[in-house]
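J.: Sequence:
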Amino acid sequence: MINNRLVWYLEKSKVITKMQSGFRKCRSMTDQLVRLKTFVCKAFILKQHAVAVFFDVEKAYNTTRKYGIMQDLFKADLRGYLPVFIQGFLQNRQFWVRLGYHK
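In the numbering used here, the protein residues as written are 1 to 103.
Keep in mind the hints are simulated off the structure, nothing from the lab.
Take these hints with a grain of salt, some might be off.
[To be verified] Here are the simulated DSS-like pairs of lysine-lysine, each with C-alpha atoms no more than 27 Å apart in a straight line:
#1 K25 x K12
#2 K66 x K18
#3 K47 x K14
#4 K12 x K75
#5 K14 x K25
[To be verified] Estimated spans, in silico, between C-beta atoms of each pair:
#6 L36 x V84: 30 to 40 Å
#7 Y81 x V53: 35 to 45 Å
#8 Q87 x Q48: 44 to 54 Å
#9 L99 x K25: 30 to 40 Å
#10 L36 x F89: 28 to 38 Å
#11 D77 x K47: 43 to 53 Å
#12 D77 x C41: 14 to 24 Å
#13 K75 x K47: 35 to 45 Å
#14 T38 x L90: 32 to 42 Å
#15 M1 x K47: 45 to 55 Å
By construction, the Cβ of each residue, glycine as well, lies at the ideal position given by its N, Cα and C atoms.
Full structure from sequences and hints, please.
T.: Here's what the structure looks like:
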């Protein structure tokens, strides 16, 4: 319910780009794969280079700074009960970032 309300607000406010597929209804990784395939095929036809960069952000939400999330919501002009609820949800949560074998 919270995610639906938040996504609705962010889409309405045009904070989320139309290219965003993650966490959105009727969109998936397949959309991005089709977009990538089209990009590569077009470059091949035009005899151009195609460059792509991929990031595997495992559990991205869990590794995001809590203050940064709240700051981004504020910058998106989100006010009222929803950001208060999200802030309460984020309190007393911990996360670790591991790079290779190091924490």
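J.: Hints first: check each against the structure and report whether it holds.
T.: These are the hints, each one checked on the structure:
1. K25 x K12: 14 Å, holds
2. K66 x K18: Holds. K66 to K18 sits at ~25 Å (cutoff 27 Å).
3. K47 x K14: 35 Å, violated
4. K12 x K75: 15 Å, holds
5. K14 x K25: Holds - the C-alpha atoms of K25 and K14 are around 16 Å apart, at most 27 Å.
6. L36 x V84: 30 to 40 Å: The hint (30 to 40 Å, Cβ to Cβ) holds, given that L36 and V84 are roughly 39 Å apart.
7. Y81 x V53: 35 to 45 Å: At 38 Å between Cβs, range holds.
8. Q87 x Q48: 44 to 54 Å: 47 Å, holds
9. L99 x K25: 30 to 40 Å: For L99 and K25 the Cβ distance comes to about 34 Å; the hint holds.
10. L36 x F89: 28 to 38 Å: Holds - the Cβ-Cβ distance for L36 and F89, about 34 Å, lies within 28 to 38 Å.
11. D77 x K47: 43 to 53 Å: 46 Å, holds
12. D77 x C41: 14 to 24 Å: 39 Å, violated
13. K75 x K47: 35 to 45 Å: Holds, since K75 and K47 (Cβ atoms, about 42 Å apart) stay within the stated range.
14. T38 x L90: 32 to 42 Å: 38 Å, holds
15. M1 x K47: 45 to 55 Å: 50 Å, holds
Against the hints set out earlier in the document, violations occur for numbers 3, 12.
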